[in-house]
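Start counting the sequence shown at 5; every next residue gets the next number (this note's numbering).
One thing to keep in mind: the hints can contain errors.
[Unchecked claim] Label pairs and their calculated CB-CB ranges:
| # | residue 1 | residue 2 | range |
| --- | --- | --- | --- |
| 1 | L132 | D54 | 16 to 26 Å |
| 2 | C39 | G152 | 30 to 40 Å |
| 3 | L132 | K58 | 13 to 23 Å |
Derived by calculation from the structure, the hints in this document are not laboratory data.
Here a beta-carbon is modelled for each residue, glycine too, at the ideal position from N, C-alpha and C.
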Amino acid sequence: MSKRSSREPNRGPQNDCKGKCGAIVNIGSISGKTCVSKSGVYCTTKAALDMLTKVMAVELGSHNITVNSVTPAMVDTDLIRNGLIPKDAKVANVLTDEFTKGFETFMASRSIATSPYIEMKDIVNAVLFLASGENRQISGTDLSVDAGFLIM
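Based on the sequences and whatever the hints tell you, model everything.
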């Protein structure tokens with residue numbers, strides 16, 4: 005039988021484990037670190053996620069829980085390759101091709117890598133590292149997986 009009263013406040017996670025007890029990895033976006041036209045709400049929520057990651061790292065650190073985030077650039081998915089084309093541009097293949105080329109040129113101009121797109125496996129590897137026990141002293145940090153996009 006528990007000696008704790010049901011009225012006693014929950015004191016959060018118990019620090020019973022040795023070493024790292026857990027890890028939280030949030031997924032951000034380069035849109036939280038740079039301005040993207042017509043994406044005010046999205047950019048704001050991703051910027052807020054950056055601060056939430058830091059606050060959670062402070063609050064959960066004493067419980068041996070690390071909290072970090074991964075910030076990818078444009079990930080090579082069907083959504084990115086096919087879904088970012090404006091609906092009115094889909095009317096004519098010429099406009100679609102121009103939009104796609106323009107977008108890729110913009111991304112390539114801000115990237116130091118050979119491709120403007122990030123592969124999903126690069127994000128997965130970053131998350132797996134941050135969630136593993138190999139990063140015991142990394143917390144409250146954002147790992148950009150962006151091919152150098154944010155430094156250009």
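To see whether the hints hold, each was checked on the structure:
1. L132 to D54: 16 to 26 Å: Between L132 and D54, where Cβ atoms are some 21 Å apart, the hint holds.
2. C39 to G152: 30 to 40 Å: violated, 18 Å
3. L132 to K58: 13 to 23 Å: holds, 22 Å
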